[in-house]
Amino acid sequence: MTPKERIARRVAQEIEPGTLVNLGIGLPSLVASYVPTDAGVFFQSENGVIGLGARPPEGMEDPDLTDAGGGFVTAVPGAAAIDSAMSFGLIRGGHIDLTVLGGLQVDETGHLANWMIPGKMVPGMGGAMDLATGARRVIVAMQHVANGVSKVVRTCDLPLTSNRPIDLLVTDMAVFEVARSRLILKEIAPGLTLEDLRTATDARFETADDPVTMA
Amino acid sequence: MKKALSPQAAAALVPDGARIMIGGFMGVGTPRRMIEALVAAGRRDLTLIANDTAMPGRGIGKLITARAVKRLIVSHIGLNPETQQQMNDGSLDVELMPQGTLVECIRAGGMGLGGVVTPTGLGTGLENGKRILEIDGKRFLLEAPIRADFAVIAARQSDYLGNLEYSLTAQNFNPIMAMSADIVIAEPEHIVPVGVIPPDAVRTPAILVDQLIERSH
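If you're matching them up, the sequences are chains A and B in order. All residue numbers for the first sequence refer to the numbering used here, where the first residue is 1 and numbers rise by one. All residue numbers for the second sequence refer to the numbering used here, where the first residue is 1001 and numbers rise by one.
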């Protein structure tokens, strides 16, 4: 199992049956494949569908039915098609139970930066700012370290996505809860010691209880 | 009944320098034939309002490749390197807005509202130069409504009057933009007799649609 798959599988355990969930593009979109199809979970895609389903069989693709990354999808029974104002009304209005977003940096107060690297990569925020601000629960799924540099930092030096802190951070090395503007270590990846994790992490974090091994 | 125009005739209505909004999300639900006609007509200096610029060779991406756009108001350009390149070399002025704020500002422009009051963007670089309102103890950013000279939208089908019905994720910004421009040009895939689209299925009433583009043959 790759680090990304491990992150996706762990995030999937956070998804409650019968909820409405938005998955960001990239790593977060892998989460859907670890959610049981009978859990009654509906996935929202901000381009306009509640009840996103798997990729259709070859030759059955509908050019009018895609996910937010433009990839072909299906709609599950019970799905609804909506326009962009309704889609973002659901997001901003607190009707989405959970969103899973990718991250460039998360800092020790739980703030997320995930939409640009000034001078290098300016893709635009798309729906990320609305999702990070309006969803009832925000989970960030990202690799702990990129090019040898910790992405879990003391203070984000990249532009913030929202002033609202995230709720949970899942990386390939650990799971942190955000509480009272602090990162609280809840789980640590198999084979890693607390010392290994502190060395790999720029941010300071608390270890309230004995962290358990990441499932 | 409306007279159905060719994409070329519809493109001739849009002058150089026009402020134009175009429906679509990553090329889905986008008025492809009208975009191609605007490119073929050699339009220049457009101010373009859209969700994104799709990718090179697809939908709105063709207007970017043709350098038809001078100013761009969008939420995402990440999948079109040409947009980023023109932004970096200074030939394209790009304003990025959160997608929910963008669509709601367009909605406000069409609904006669004076602005959008949203929590999105608070505490980020988007606050700069904007008014912050406090309502019942909560803080919000005030964003201005957005309108355009032209809205060019795609629909699954239209009747002869211009009542529009959409399909799945091809709705996106189209029914919202239909409210917010002086002249609305709709490009349906099918055109059907009046009565074929049941009143409950009409998402954009015909009174909003000024011009209809003929179906492709």
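Some hints here could point you the wrong way.
[To be verified] List time: in silico EDC-like cross-link candidates among lysine to aspartate or glutamate, alpha-carbon distance up to 20 Å:
1) K1003(B) with E1165(B)
2) K120(A) with E1095(B)
3) K120(A) with E1082(B)
4) K120(A) with D1149(B)
5) K1070(B) with E1036(B)
6) K1062(B) with D1093(B)
7) K1062(B) with D1089(B)
8) K1003(B) with E1134(B)
9) K120(A) with D1093(B)
10) K1070(B) with E1095(B)
11) K1070(B) with D1149(B)
12) K1062(B) with E1082(B)
[To be verified] Over 10 Å on every C-beta distance to chain A, these chain B residues come out as not near it, computed from the model:
13) K1003
14) A1018
15) S1075
16) G1100
17) G1121
18) G1129
19) E1134
20) R1156
21) I1191
22) R1203
23) E1214
[Said to hold, decoys possible] What follows is a set of in silico ranges between Cβ atoms, one per label pair, in the way DEER data are often shown:
24) L1133(B) with P56(A): 43 to 49 Å
25) V1196(B) with Q143(A): 50 to 56 Å
26) P1015(B) with G71(A): 33 to 39 Å
27) A1012(B) with P36(A): 52 to 58 Å
28) K1002(B) with P77(A): 35 to 41 Å
29) A80(A) with A1012(B): 49 to 55 Å
30) D1093(B) with P56(A): 37 to 43 Å
31) D1093(B) with G71(A): 45 to 51 Å
32) A80(A) with K1002(B): 29 to 35 Å
Quick caveat, the hints were computed from the structure, so don't treat them as lab data. No experiment lies behind these values; they were computed from the predicted model shown. All C-beta atoms in this analysis are idealised placements derived from N, C-alpha and C, irrespective of residue type, glycine included.
Each hint tested on the structure:
no., hint, verdict
1, K1003(B) with E1165(B), "holds, 18 Å"
2, K120(A) with E1095(B), "holds, 17 Å"
3, K120(A) with E1082(B), "holds, 14 Å"
4, K120(A) with D1149(B), "violated, 34 Å"
5, K1070(B) with E1036(B), "holds, 18 Å"
6, K1062(B) with D1093(B), "holds, 17 Å"
7, K1062(B) with D1089(B), "holds, 18 Å"
8, K1003(B) with E1134(B), "violated, 49 Å"
9, K120(A) with D1093(B), "holds, 17 Å"
10, K1070(B) with E1095(B), "holds, 11 Å"
11, K1070(B) with D1149(B), "holds, 15 Å"
12, K1062(B) with E1082(B), "holds, 10 Å"
13, K1003, "holds, 27 Å"
14, A1018, "holds, 23 Å"
15, S1075, "violated, 5 Å"
16, G1100, "violated, 3 Å"
17, G1121, "violated, 6 Å"
18, G1129, "holds, 15 Å"
19, E1134, "holds, 15 Å"
20, R1156, "violated, 7 Å"
21, I1191, "holds, 17 Å"
22, R1203, "violated, 8 Å"
23, E1214, "holds, 20 Å"
24, L1133(B) with P56(A): 43 to 49 Å, "holds, 45 Å"
25, V1196(B) with Q143(A): 50 to 56 Å, "holds, 52 Å"
26, P1015(B) with G71(A): 33 to 39 Å, "holds, 37 Å"
27, A1012(B) with P36(A): 52 to 58 Å, "holds, 56 Å"
28, K1002(B) with P77(A): 35 to 41 Å, "holds, 37 Å"
29, A80(A) with A1012(B): 49 to 55 Å, "violated, 39 Å"
30, D1093(B) with P56(A): 37 to 43 Å, "holds, 39 Å"
31, D1093(B) with G71(A): 45 to 51 Å, "violated, 30 Å"
32, A80(A) with K1002(B): 29 to 35 Å, "holds, 30 Å"
Against the hints set out earlier in the document, violations occur for numbers 4, 8, 15, 16, 17, 20, 22, 29, 31.
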